[in-house]
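With the hints as extra help, turn the sequences into a complete structure.
For reference, the chains in residue letters:
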Amino acid sequence: MTSPSAARLPEERRQPLFSGVEWITLALVAMSFAIPLLVTNPQVLSQTNLILIGATAALGVFIMLRMDLMSFAVPCFMALGGYTVAILGIQLGITDVILLGIAAFLVPAICAIPLGALILRLKGVYFVLVTFVLTEIVQLLLFEGEPLTGGANGLVGMPAVTFFGVELFSNAQVVLTTCGLALVGFLVTAIFTRRFRYEFAAIEKNDVLAESLGLAGWKYKAIAFSVSAGVSGLAGFAIVNVLMTAHPSSFASMSSVNYITYTIVGGKGQILGPLVGAGLLVSATDYFALRGEFSPGLFGLLIIVVTLVAGGGLVGLATNLLRRRERKAGVAVKELSRVEARS
Amino acid sequence: METFIATGLIGVSLGSQYALLALGFTLIFGILGVVNFAHGGFYVMGGYIAYYCSVVLGLPYALALVIASASTAAVGWLLENLILERVIDDHQATLMVTLGFNLIIATAVLVIFGAESPEFTFPIDGVWRSGGIYIPYANMVVLGVCLVAIALVYWLVYRSNVGRAMRAMAEDRAVASALGMRTKVLFPFAFALATGLCGMTGALVTPILALSPHVGDPVLAFSFLTVILGGLGSVTGATVAAFIVGLVDSYAAVYLGGSKGALTLFVLVLIILVILPQGLFGREVRRS
Chain A
1 MTSPSAARLP EERRQPLFSG VEWITLALVA MSFAIPLLVT NPQVLSQTNL ILIGATAALG
61 VFIMLRMDLM SFAVPCFMAL GGYTVAILGI QLGITDVILL GIAAFLVPAI CAIPLGALIL
121 RLKGVYFVLV TFVLTEIVQL LLFEGEPLTG GANGLVGMPA VTFFGVELFS NAQVVLTTCG
181 LALVGFLVTA IFTRRFRYEF AAIEKNDVLA ESLGLAGWKY KAIAFSVSAG VSGLAGFAIV
241 NVLMTAHPSS FASMSSVNYI TYTIVGGKGQ ILGPLVGAGL LVSATDYFAL RGEFSPGLFG
301 LLIIVVTLVA GGGLVGLATN LLRRRERKAG VAVKELSRVE ARS
Chain B
1 METFIATGLI GVSLGSQYAL LALGFTLIFG ILGVVNFAHG GFYVMGGYIA YYCSVVLGLP
61 YALALVIASA STAAVGWLLE NLILERVIDD HQATLMVTLG FNLIIATAVL VIFGAESPEF
121 TFPIDGVWRS GGIYIPYANM VVLGVCLVAI ALVYWLVYRS NVGRAMRAMA EDRAVASALG
181 MRTKVLFPFA FALATGLCGM TGALVTPILA LSPHVGDPVL AFSFLTVILG GLGSVTGATV
241 AAFIVGLVDS YAAVYLGGSK GALTLFVLVL IILVILPQGL FGREVRRS
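Chain order of the listed sequences is A and B.
The opening position of the first sequence corresponds to residue 1 in the working numbering, with each subsequent residue numbered one higher.
The opening position of the second sequence corresponds to residue 1 in the working numbering, with each subsequent residue numbered one higher.
No lab work stands behind these hints: they were computed from the structure.
Part of the chain A face toward chain B, derived, beta carbon under 7 Å:
no.: 1; residue: Leu118
no.: 2; residue: Glu136
no.: 3; residue: Leu140
no.: 4; residue: Val257
no.: 5; residue: Glu293
To give an idea of the chain A side of the interface with chain B (calculated C-beta under 10 Å), a few residues:
no.: 6; residue: Leu65
no.: 7; residue: Arg121
no.: 8; residue: Gly124
no.: 9; residue: Tyr126
no.: 10; residue: Val130
no.: 11; residue: Ile137
no.: 12; residue: Ser253
no.: 13; residue: Met254
no.: 14; residue: Ile260
no.: 15; residue: Phe294
no.: 16; residue: Pro296
no.: 17; residue: Leu298
no.: 18; residue: Leu302
no.: 19; residue: Ile303
no.: 20; residue: Leu308
None of the values given here were measured: they were computed from a predicted structure.
Every residue gets a Cβ at the ideal spot worked out from N, C-alpha and C, and that includes glycine.
And the structure:
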């Protein structure tokens, strides 16, 4: 036991539940509930769906990047979550959104544990390649597993989900469901990454050193992989709910590139990053779509420019600017007080 | 039995194509430490340049092949020099840049040539037959060119001074540049060599298989598979693995059918990775 007079370690100090940026992010996601209530424009509603689904999926990438692992496996877990919901909804007639949400989170999260045991030993580029291959495999399995997954037709006819017996059927209600799933995803991610931030930071900086200092790296990696899979599963649920169909093309392996792009362009350092990235890039895609076939190229150009100009993504760039300004202000205040003290 | 042999020969021919693609990919990774997500893009670019030169401009196919290789190499050289060089030490940044560039190539091809796949066939037709075995001459030409190219790459990497310098940089960049290897010259050179190989493969193979703006994505996936199997950064590994992948691919396509061939390969590679994370010929997992 430490004596009461001894200086306490920083982590022993009572920490606030969330940091400022995390509160802002959660508030933004929570505010999205207002959109379907205030707006009836179908364009805006579908845009909201796309942004929130993209942002939730990007959280899967964000969580793994806490440990410097770039995961291409998000669509694979989205597919697990989405198909679970579709099978439960279509074949078993379960429509309760809470039950389905729990299933969409738990099934991928549980599947991720044995998978993680296999692939979490890999690092860096190998992890990138293996998760890419994994997503390809799942894509092929969806096509081949006809009796369960409906093969190339997918599973069609997902019934509307119900919330305490109320059917969420209209356009606005579907967006509300997406908002709810996104909020749960963001809450889980925020709590999880906040709770283990020191462990993740240690693994990110130098995992060998962290392990030699007694941190069970594999444990945190496995938990994170599992939570990342669960959150991705929620995004898969949201897609299936919006399209009323579970189809392999919703979970194409190249779509993992989008989620990674949202995270990196938005900023991988803060949970706000995936939200900003998804918001900006989904809107950009929509805007670029006015230019028709140029759209992916402009998207690619944007990725390159942001990577070159803002290494930490847009949120990283903004926090750097703020900090620099604060520091300048701080220096000015110090100067001022020194001058005052002298005079 | 004849089907078996014929399938094997197709497999070898496929393997030689994969080998060229994988060699480029593995050179870029081994020397620069960059995972080139634009690899499929360069393949498509090579195919379209060859198509434009030989079909639209009416140049001889051999010349079109040379132009396609040279221009993809030039684009690769520019990409490395102008953009990748700035972020070369950050593997996430290089990944993002190549991903972005892949999208740009795909769009450029789509805008210039349209989404329809153009009429582009190999200039030599006819089939060589002996007993029940049929092999198109086109495949034999491709196989021959690929084997020559592979031999040249080997000579360059293992027998020339440039190759020694490149291998030294792959081993330890800091020490190699302290000893006078010029990063500023060799990195773009290696990148251009790799993209040139990729463009050449595109120019050779697309007239036989298919040419459309999206044929690059499977190429990327197969390059990944091959280099994982062979061990990232290992030249020998990439070559051997490419032939394994080619053979498995063609046998599975004939005897299992559908996408089961690809599935078999992917699962095989996943298992190998779990048992031997460094691949069949990789010495160690490169930290990057």
